[in-house]
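Asker: Assemble the whole structure, with the sequences as input and the hints as a guide.
Protein chains: 2
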Amino acid sequence: MTPDALRTIIIESVTPSIDDGRFPIKREAGDTVRVEADIFKEGHDLLCAVVLFRPKGASAWSESPMKHVDNDRWAGAFITHDIGRWEYTIEAWTDLYGSWLEGLLKKHVAGEHVLSELLEGLRLVRAAMTRAPAAEARRIEQFDRRWSTASTEDEQIAVARDPELVALLEAHPDRSRSSFHGRILEVVVDPLVARFGSWYEMFPRSQGKVPGRGATLRECEERLPEIREMGFDVLYMPPVHPIGRTNRKGKNNAVVAQPGDPGSPYAIGSEEGGHFAVEPSLGTLDDFDHFVRACSDHGMQVAMDFAIQCSPDHPWVREHPEWFFKRPDGTIKYAENPPKKYQDIYPLDFTCDAWESLWQEQLRIVEFWASHGVKIFRVDNPHTKPLRFWQWLIDRAKEKHPELIFFAEAFTRPKMMKVLGKAGYSQSYTYFTWRNTKHELTEYLTELTRTEMKEFYRGNFFTNTPDILPFFLQTGGRPAFKIRAVLAATLCSNWGIYNGFELCENRALPGREEYADSEKYELKVWDWDRPGNIKPLIRTLNLARKNNPALQEYDNLEFYWADHEDIIVYGKSTPDLSNIVVAVVNLNPFQIRETLVHIPPHKLGVGDGEHYTVHDLISGERWGWRGHSNYVRLDPHLDPAHLFVIERNR
Amino acid sequence: MTPDALRTIIIESVTPSIDDGRFPIKREAGDTVRVEADIFKEGHDLLCAVVLFRPKGASAWSESPMKHVDNDRWAGAFITHDIGRWEYTIEAWTDLYGSWLEGLLKKHVAGEHVLSELLEGLRLVRAAMTRAPAAEARRIEQFDRRWSTASTEDEQIAVARDPELVALLEAHPDRSRSSFHGRILEVVVDPLVARFGSWYEMFPRSQGKVPGRGATLRECEERLPEIREMGFDVLYMPPVHPIGRTNRKGKNNAVVAQPGDPGSPYAIGSEEGGHFAVEPSLGTLDDFDHFVRACSDHGMQVAMDFAIQCSPDHPWVREHPEWFFKRPDGTIKYAENPPKKYQDIYPLDFTCDAWESLWQEQLRIVEFWASHGVKIFRVDNPHTKPLRFWQWLIDRAKEKHPELIFFAEAFTRPKMMKVLGKAGYSQSYTYFTWRNTKHELTEYLTELTRTEMKEFYRGNFFTNTPDILPFFLQTGGRPAFKIRAVLAATLCSNWGIYNGFELCENRALPGREEYADSEKYELKVWDWDRPGNIKPLIRTLNLARKNNPALQEYDNLEFYWADHEDIIVYGKSTPDLSNIVVAVVNLNPFQIRETLVHIPPHKLGVGDGEHYTVHDLISGERWGWRGHSNYVRLDPHLDPAHLFVIERNR
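Going down the list, the sequences are from chains U and H. Using numbering that gives the first Met the number 0, read the first sequence as starting at 0 and increasing by one per residue. Using numbering that gives the first Met the number 0, read the second sequence as starting at 0 and increasing by one per residue.
All clues given are correct.
Copies of the same chain look alike in the list, so a pair counts if it works inside one copy or between any two.
Okay, derived cross-link-like pairs now, EDC-like style, lysine to aspartate or glutamate, Cα gap no bigger than 16 Å in a straight line: (1) LYS325 <-> ASP352; (2) LYS602 <-> GLU557; (3) LYS332 <-> GLU119; (4) LYS339 <-> GLU111.
Bear in mind the hints are in silico, worked out from the structure with no lab data behind them.
Answerer: Take a look at the structure:
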């Protein structure tokens, strides 16, 4: 065993590597991991380096060559074929033969005698023979014989530099003194839907047609064709568990419910059960299974809400009082964020003495619903529970079910948002909802898609949620809804809407970003085809996403210049430029804007003076463009955006 | 023991921390380490955090409080009183009482009853009593009694928020569930001379007055008063060991020496001895000791050259042939960098089978000379030896002699330069010698002093070396020497010249940055007072450095704007602005330049419209300045620079 002291190659500044390997990076099945590192050693030797990679648990490493880029920076890549955990690291060794040959040729060119050097080279050749498999060893032996019997220095040098011999020796190097990156780094490889998904959030009890009665899951199924027709592939529902009665909230979050008020589905648990049960007014567990199958039949996956909190009527309150926070008098504390009070909800104490049984129970919940076909969990308020708990839960759950997706619903300070991604969340909500100007969007998207964040944080751009009706939508009317739909669907490979968005529903509580008469607290019946809806645009956007691979990538976003402050321009391309999409959006929902937009032609794969065609997937129109600068005009009351596919004439 | 799962505070992005703690940072005795980290946890609790620090090997940690800065970033600091290794890390815990009190007061303000909450608070007070030492516990007990006997909520709240009680509880928190940064980070604390030193490199055999005979160390002593008078405090000499005879190089690096040629001192070793011996023509080991004492008597330290390589006559060649590279015929290989050959030098094979005895021998050399009063080693070509060797050698040497300084003579690719600093070199040569324009200097100095490099890489700005006579000095005449002296002495807290610089010696080999008739290969006699010398300027610069603490810091450099491309302006200040130095340098050695320079008055501690005085330490003149923009005119043939001390009128 070679002592470390003799492994003298330096391997440092390895990327990607989140907090020096404390956290895994993320990829999807079939994705590529490009690995870079500074690799160098003392003196002048030539080096070789490889990325070592394997599915975690495999005994043998695969390897992929690294090449020198510049300034001692090397790069290589590997493909994560399957979902699950993968590992990677770097090995580097001295290219003894290559270094020797380089020195030899320099001396030879300088007219020196190299007899002694040739003897050294021959020794390297013979050593390689012992390392190579039989067939190649025989080939090397033939070179050895030619070399040994060559009568002049020039002839020997000709053998020494024979490309076949060089390749044979490169293929069987002496790696006994290799250096290794001191860390084994990890990749979590998720199904494609972790990166590319179009989400529709539906409030199940509001999907029916009978006023005063909540819809059942069976009735919800009737909406599936329409939702699928809009192009969505993930169907997400707030909690479907029994809703508590004690301290139930009334309409518009009233402290006291009126008879008939259904209560917030986030007050989980009643005498009908807790996190393992289905709210009876929605149906039975069988109905739930039926619903999951129905979604699947329509090409959609179900995303379940995972909100770890209890109504005072939750079975845990009786069975596991040790899991809750207590008052000095021994009663259980309800949730609060002083002076706000949530009397219908008991939070759990994740660091109580009985934390292990509490944590295990949460894992049981995930595994229970996974066994009922749920592969996506949208997790409510993860930032109020310990990070270590999530890390533990997600790691354990994905050991058994590597296909699971966890989506973090945290809207909190930036570092907590990020660390939830590091700790294992497959996707995260973002600040997109509050980024409206060109500057805000450019800055935020650059952070998300161009910094280290892209390695561990997959944003999912929701236009709205049951808790967030942004002021921009409240005030900008139908054009605002269109603008935000285009932005969410094309800036980010994951996007979603909460039902009502497609209807341009924008009635808010005064001065707040909350819905008036929110269906969180009352029964509703919607006309899903009501006039003014933007379902055709949404269908167009989702179709464009489906047909254009460029829109299915997360970190390929590039911003371009537009003269007008209100016009934002950005593009996404596949690496080979075979598919290029450029979006031009008027961010002003009130005013017609016209401007020049400036896109360097080479970004579109066209020559400087070359003509090309932009095909607008929204209007269906085509225009001839040329050169760096072209004119656009966008009327928000017609179409506030172009979504161009670039068509080159060759 | 609290399980890690319950230690839920996140501590990340700790700075300074080089490669996640793989390498130590550097400081000097009495210096400050400012430690920052992102510190946060789930939910809304208030947190407390401290920097833990101790001399390495001490059993107990000291601690220093951290404060929240912004956006979950915290900062604290500690002082490294003594030289040697120090350790630091971070601990954070939940401020249970503070969090409780905050919630209580919010509810109280909202007019709620808080009886139950007050009981919780009292429980926290009583728990603190058990942790506090007797005297404080009694004080807490008195609060407990007042609290328990208070008859109204308001009275109880008044006790609960009593600043003395709050302080007592803050002083004795429950840290049983503290979170810790997972790494213990290290600081190498060096003597001040590691950061602040003025170096004079002398070629000992050229210090005499007798043509055709090399000076002895005793004769060298005669120059010490003059060198000290120039203000230098480190005296550095190329190797003083016996010089080999086999393949000795002649004048101007001729392959064959003529009789009487003294040879390069880097061809170390003869029958008179190797790295443990003194070249007989310089004197004896006793003479060396005498010289070291003489330097010390003049307030100077000796820096010794440590060049690990051998002439063919070195004792190791006979005694340890196993340490060298061999040809196939068993003979030892000389150094080469094809097609260049160094026939007078045998390199050592640091990864030979006998590497351990070879490494140990190098440590013995360092320890031998350390025992002869040498505390500074200037290491020749460290980038051609394995980094792990240096890390081992420097760590071992400094374990016994923490006062040792190692100065890396590497002029190679940037990442190797940096990693030598990380691995333990106290100081490093830099690219300063080739940075001449305002842009080049600004960019390079910003990298050195404003990025993470400042934590581990201490540049030492040499104007020239026996191997480097930059083109700027070759062509710019005496003004060029003045310009480079001012830049080196004021941009960097460590600077040095190689003898002859003060004489503006600029004769080069044609087309190369090497001295003509270099004293590396021949005996010389200099007139140290020859006309045109710039010794007065050098004395002025070193005096300015001695009298102005701002010039003794490494990382306090700030650049300011000057309209003219050829004028560079920068300042250094003490943190309290009690000492502020501003340099204005005309980088053009040929042309008079005048320009406006723009310095924000607050950087100088003066108000916007305030008058202040700039006192030029070079010319001795004073000018009244005011506001943001002031005029300068610099004639390179007189003084190419101002070195202003700012004098405020209050």
